[in-house]
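We have chain Y; now place chains L and H onto it with these hints.
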Amino acid sequence: MFESYLDNVRNKRPVVHCITNYVTANDCANVLLALNASPIMADAPEEADEITGIAAGLCINLGTLSKDRADAMLKAGKKANAMGIPVVLDPVGVAASGFRINIASKLLNEVHFSLIRGNVSEIRTLAGECDHKEGIDVISEGSDDISKAINLAKDFAKKTEAIVVLSGKTDIVTDGKETFCINNGHPDMARVTGTGCMLSSVIAAFLAANNDRVTAGAAAVCAYGLAGEMAHKRLGSKDGNATYRNYIIDAVYNLTEEDIKEGAKYEMR
Amino acid sequence: MFESYLDNVRNKRPVVHCITNYVTANDCANVLLALNASPIMADAPEEADEITGIAAGLCINLGTLSKDRADAMLKAGKKANAMGIPVVLDPVGVAASGFRINIASKLLNEVHFSLIRGNVSEIRTLAGECDHKEGIDVISEGSDDISKAINLAKDFAKKTEAIVVLSGKTDIVTDGKETFCINNGHPDMARVTGTGCMLSSVIAAFLAANNDRVTAGAAAVCAYGLAGEMAHKRLGSKDGNATYRNYIIDAVYNLTEEDIKEGAKYEMR
Amino acid sequence: MFESYLDNVRNKRPVVHCITNYVTANDCANVLLALNASPIMADAPEEADEITGIAAGLCINLGTLSKDRADAMLKAGKKANAMGIPVVLDPVGVAASGFRINIASKLLNEVHFSLIRGNVSEIRTLAGECDHKEGIDVISEGSDDISKAINLAKDFAKKTEAIVVLSGKTDIVTDGKETFCINNGHPDMARVTGTGCMLSSVIAAFLAANNDRVTAGAAAVCAYGLAGEMAHKRLGSKDGNATYRNYIIDAVYNLTEEDIKEGAKYEMR
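Chains as they are written, first to last, in my numbering: chain Y, 55 to 323; chain L, 55 to 323; chain H, 55 to 323.
Chain Y with its partners taken away, still in its complex shape (with noise of 0.2 angstroms):
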């Protein structure tokens, strides 16, 4: 089901341009650059309508959000919806704050996401279901109850037209219609920071680089997640989250069609 989208990105190089946190940019830049895509980090509201205009792909991330940095995504969205290329939105701990609340809707209300990518707190919160607060590494186990999981990644693709990446223990991509249920990954990446903001950068390169953008976007989580357990198998009894970290992103610069095509776990609802 997924062949050549990977190498789509890898022989493609598009070009993703990334306003994200300060946190994990380096590791965002780095799992582009191991896909063999063209990273740009760049949040000036200055020049982000620019720097979107030469760009295959946009990938929005909400942690260490500012007021500058808002009106950046803002600008940004705007253009890349007038290009017609992908717009991914990560909304990093967005329960956390009503800032990030207010800016998250503003965002929905003035740009077309292709595809939003969360937790289930996350989700919710978009959603509008509630505002459950956590730290933002915490994936939420809420999604045991896998077709509760599935309706709320449905109901919200259908309210934003958007694909929904629902992240947890089954990650969940749907838009509305068509809806991919995957498992793989490996528990161990939520105690490495940016695991998500990888993802959301990742997603972007296969967006950018495919033209089924749902499919895209499973394949992208597939992928991932696959690299996450690949990476996993080479540590050590002395390897922590750091060299985890590293592997991952080795992972990926390692992975191969067939590597997903043995390994994707995943099933069509």
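Check the hints yourself; a few may be wrong.
Copies of the same chain look alike in the list, so a pair counts if it works inside one copy or between any two.
Under the rule of at most 30 angstroms between Cα atoms (straight-line distance), these lysine-lysine pairs were calculated in the DSSO-like manner [what the hints assert, rightly or not]:
1. Lys160 / Lys121
2. Lys66 / Lys292
3. Lys212 / Lys319
4. Lys292 / Lys319
5. Lys223 / Lys292
Calculated from the structure, these hints are not laboratory results.
If you're wondering where the values come from, they're calculated on a predicted model, not measured in any experiment.
Below, chains L and H alone, put in the same frame as chain Y:
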């Protein structure tokens, strides 16, 4: 003496709000995740007190200081004081500019810090003793005269009603009454950027998860220093400070109460 | 030719003030520490000249440019000029926006740079030859025609009275009179974010610790490229760009004068 202090962090998973510099924010987030704590890195003034409101500890770090970040620190610090949660100050490079000294003074006037951690140059500057300037990552050798260092730390602890951690060849942890002299750590840690910032984050997590704050601070210093020693033993002949950085975080990830029991090197003065 | 240039850095431990982007600031700090230099990363306009005042070298990097950061660059650059310490400019992605071009022009008008390092696209943009746009981490292959590249570098060196380092398959270092063509490095360095930024930081340290600036620049380019080669040899089949990043910094940490004597590949033109 330090039994259960580490395990309390691992089990309680305190949310630690870090208002920190962009140079080492990634390392601080990963070292907190290595402890199984839950980092939130956020520095917008618009959300600072709300983010602190969901945290169990606050860590304020003056590296890459800006006006906005200083504003966030004041708001978050006051909120933390109102909540009664621990607040740690890491006055990175405070001796390097009047801008930093002024903001540090304002913070010390308006926020009660539970613990202040710095090297001799930084603590002396805060204490108003001198404005000796040097590179931020240079660890002053001024602490050779251990009793002078102890007096500096104790006096400043009494003045600020904070625990003071004076980092040097021997680390001193004191609340003005109880004083720990700690000989864990490795000199090569000074060749890795962010080892001080990471230690301050680790301390914030230990204070957030334990009641006896001075012992918690000392336990954190022993634990982190010991991780630095264990990481150093893993290094091969071609490894340098980048691999050392990763191994330090890895060692924190794998550190046990047993390790601390066997490896903590301290005496009470 | 390059004897003692590296050891001068290791022994003098120059303080290098970096006003740089948040994507690779951590790597720049660590590569400076790998050289035993002393990094200060600080970008607030309020303290820029004071921080430069305690430095032996200044490195200005246009990645993740903002109005405030640009303000700090101008102030720090003028202070460095007044002090007579070396100032390095890395015009990251300058071709990507009018905002960057305008700030770069202002900097070139108001600050005298000792050395400017960029790829063909960046140097051409600064020289006013074109405004070709591409991903920031894409290293242009335009330098295949080596004599054209040399002319570009020499002309720009004469115009700016700066040493110019033109990074490409062959790196060119010239002050308009003496010209080094350097063939160290490895193509895979382009797959690691920040290899250019790190090189610019390394150059700033070499210029700060040595008197003959054009030779110091060439020595830095050889040394860093050689570290990239040595690091590449360590890579195993499962390693990728994350491990490569770490090994490059590790190799700088372990690099010796002997290595440079044996491994430097350059010719004078």
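Quick rundown of the hints versus the structure:
1. For the homomeric pair Lys160 and Lys121, the shortest alpha-carbon distances inside one copy (12 angstroms) and between copies (24 angstroms) are both at most 30 angstroms.
2. For the homomeric pair Lys66 and Lys292, the shortest alpha-carbon distance between copies (24 angstroms) is at most 30 angstroms, but the shortest distance inside one copy (38 angstroms) is not.
3. In this assembly of identical chains, the alpha carbons of Lys212 and Lys319 lie at most 30 angstroms apart only when taken from the same copy (25 angstroms versus 60 angstroms across copies).
4. For a Cα distance limit of 30 angstroms, the shortest separation of Lys292 from Lys319 qualifies both inside one copy, at 29 angstroms, and across copies, at 22 angstroms.
5. Taking the shortest alpha-carbon separations for Lys223 and Lys292, both the intra-copy value of 26 angstroms and the inter-copy value of 26 angstroms come in at or below 30 angstroms.
The structure shown violates none of the earlier numbered hints.
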